[in-house]
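Each protein sequence line maps, in turn, to chains Y and P. Terminal number for the first sequence in the working numbering: 628, no gaps in between. Terminal number for the second sequence in the working numbering: 628, no gaps in between.
Any given hint could turn out to be false.
A pair counts as met if it fits within one copy or between any two copies, since identical chains are not told apart.
Unchecked claim - Here are the simulated BS3-like pairs of lysine-lysine, each with C-alpha atoms no more than 30 Å apart in a straight line:
#1 Lys625 / Lys580
#2 Lys580 / Lys410
#3 Lys376 / Lys408
#4 Lys580 / Lys524
#5 Lys512 / Lys488
#6 Lys580 / Lys224
#7 Lys580 / Lys376
Simulated from the structure, these hints should not be mistaken for lab results.
Each chain is listed here by its residues.
2 protein chains.
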Amino acid sequence: MDWVSVSQLKERIGQEVELRGWLDGKRSSGKLHFLQVRDGSGVVQCVMFRGDVDEATFQRADHLAHESSVVVHGSVKADARSPIGVEVSAKGFEVVHESEEYPITPKEHGVAFLMEHRHLWLRSSRQRAILRVRAEIIAAVRSFFDDRGFVLVDAPIFTPAACEGTTTLFETDYFGEKAYLTQSGQLYMEAAAMALGKVYCFGPTFRAEKSKTRRHLTEFWMVEPEVAYFTLTEDMVLAEEFLEYVVSRVLERRRPELALLERNTAALEKVKAPFPRLSHREAVALLLEKGVPADENDDFGAEQETVLAQSFEKPVIVHRYPAVCKAFYMKKDPADPSRALCMDVLAPEGYGEVIGGGQREDSLEALESEIRRHALPMEAFKWYLDLRRYGSVPHAGFGLGIERTVAWICGLPHVRETIPFPRMLEKITP
Amino acid sequence: MDWVSVSQLKERIGQEVELRGWLDGKRSSGKLHFLQVRDGSGVVQCVMFRGDVDEATFQRADHLAHESSVVVHGSVKADARSPIGVEVSAKGFEVVHESEEYPITPKEHGVAFLMEHRHLWLRSSRQRAILRVRAEIIAAVRSFFDDRGFVLVDAPIFTPAACEGTTTLFETDYFGEKAYLTQSGQLYMEAAAMALGKVYCFGPTFRAEKSKTRRHLTEFWMVEPEVAYFTLTEDMVLAEEFLEYVVSRVLERRRPELALLERNTAALEKVKAPFPRLSHREAVALLLEKGVPADENDDFGAEQETVLAQSFEKPVIVHRYPAVCKAFYMKKDPADPSRALCMDVLAPEGYGEVIGGGQREDSLEALESEIRRHALPMEAFKWYLDLRRYGSVPHAGFGLGIERTVAWICGLPHVRETIPFPRMLEKITP
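Throw the hints in and build the complete structure from the sequences for me.
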């Protein structure tokens, strides 16, 4: 008899199969048990009639603890009332391991309790749905770039110099020297783009931020494409096509999970390129019109981002922020050097920034002068400056944070459920 | 005029196009220049006739430094002598940036020099080919698991307890507590497999090893599948199918890169499941027969692995190592408890271990006793032991090291070229 997963049962109607999983729940009458069996690919109802199995087995099933591991033999029947279209008539039943009393029950638990039991909480239907959406988003991200001729170039995690201050960096002893955990692979992707044209990296990044917010993790995953000969304009088009692709692929392949999460998919259906685009100055004007304080020469805070993001049904691109509040490597707008050729993409429904990027400074002189102005150590950037010595080209890219994207697409209020084992201030276990 | 990449030129024969790239080399006669233009997707020869462009442009092209960034306008012609089947007749030519004298020349450079210039070395044809093969291997790994119903579950990088001694762990200060960089996601994947059945993680892992060898990096990428209800037997079949898939996909899609690397592909064509399988005892007998010292109760060293790997034309699986030299979580063979239900896959041509894995201990009592025997802190494993309290099941998995796999498939003697920015003892820049 074939070992079959719950997700394959629809192709096995009328056949005898073996299921291997866990007891996810049960109801009983005197004559029969309805056993919910979960195997990771799904949950199926197994109906066990007294008389179809020996009496000891029937009794065993009656008293079995939730989460016990079980093997069921039975025949697959079409069933219109089942959410998966089938149920199983149990003919044999074997207990692999009887569970102790399971700590997570259908009653409400506090978040702290669930986070402490993250290794078990993952078994719940909501968490399984979120993890599947996350995996789909990640697969979509990779397909998008792979299918368009981008080469994956993994950026290093250990980086040598604490270029922009050490306050938010995790430090480690690297055989007697100090090393820091990466906050972005961008500088490395710029080097790789000069070799391979279109590249991306995708890996964990780290930020030792002491703040406890619903949008911050100390360890989070980021994808960062970089393209030689791209300007800000082409970078914005790439970001639009990319987000549209990712969202539509999740809608196409993860409908059941979004339904389980009670996500309003109508809002996601609207994520179609092109997106509205506002310059920072236009965004400031919009904010002032709405009675929200804003300054043409200052960055936006969380409240301003939220209001901007809520002003549109689609993601909105805000570009050309004041250069003074942006990183040293951003190219200035030749039409107005007080502005950086950068952009953020803010997700709708108040989710805020999911993408940040822009065009990089490609002039050796301008970059050296910015490094001096920011009082950064020139020597640490020697290799980076080399990219402007040997065939410098216009180039641009962006970074998308995976956890914020998962939160938005799943409709979650907090990033802590968007990653299998979240790492936050005061949270490093299990 | 369309901006077209070199890789797309074959579809543009007879058309006018714009190329954007770097000058990779040139030859000249009095009347014409042969300009090799590289754009990351490939290299194409652009032929510029005196008279087809103005004299200033013709002179400029004649004196242009290697690696200068250039935009070429021209028409695409079929050319049977070209390795890519086409060349371009240049009609226009613009220098974006004239390169300074490029430090990497066609002459031989020492490895230390090249590693210091890794950000530029990536532009060379060999390094580009290796990075493309690496990207293909990674895409193949993900497709293999995604297509078979595995769910990607990212394991955390920060881990709390130094479970097995701190000598090879990188440590960081985590808001006043000690945290360590992960060496494996396995324990987390075991938890995830109980929720999702078939899972894998794929991310960077870290080892603070002081040894300088051709097989070690401090930062390397590893993929780790884990499957609920799998035993060692099914784990070995999965490993075989997986390696066959990855190698055949690289052969299918990266022939030109393998040819450039002068890889003997006949050796790779032989990587077809099933692989020869030897128990550790059988492997010891084989070694002794070949005059290599070996002990039934000891692990293999590099020399023994190399001899075993060279004894077969395919990868070879060695299983059931002595339990005493294996990790605490490995299940013992019920038929001979001195043996662990584990396996290594050794790549042929002397490459050695690329996969290590096996079946995990699923009995709470046996695992607790092993934790005590290894004098490990029971409290740190409380969550891991929970997996044996609440519906324990047989389960198995393995880990494959990406850099060793890239070295093997590309035929490289050292892992330092298998990752874009290698991190080794004394090597953390650029």
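Here's how the hints hold up against the structure:
1. In this assembly of identical chains, Lys625 and Lys580 lie within 30 Å of each other by CA distance solely across copies; the values are 16 Å between and 37 Å within a copy.
2. With identical chains, the CA atoms of Lys580 and Lys410 are at most 30 Å apart between copies only, with a shortest distance of 27 Å across copies and 36 Å within one.
3. Both within a single protomer and between protomers do Lys376 and Lys408 lie at most 30 Å apart by alpha-carbon distance, with minima of 21 Å and 16 Å respectively.
4. In this homomeric assembly, Lys580 and Lys524 come within 30 Å of each other (Cα to Cα) only inside a single copy, at 21 Å, whereas the closest approach across copies is 46 Å.
5. Taking CA atoms no more than 30 Å apart as the test, Lys512 paired with Lys488 passes inside one copy only; the shortest distance there is 19 Å, against 69 Å between copies.
6. Taking the closest pair of Cα atoms, Lys580 and Lys224 come within 30 Å of each other only across two copies (28 Å); inside a single copy the shortest separation is 66 Å, beyond that limit.
7. For the identical chains of this complex, Lys580 and Lys376 are intra-copy neighbours only, at 19 Å inside a copy versus 33 Å across copies, given an alpha-carbon limit of 30 Å.
Hint compliance for this structure: every hint is met.
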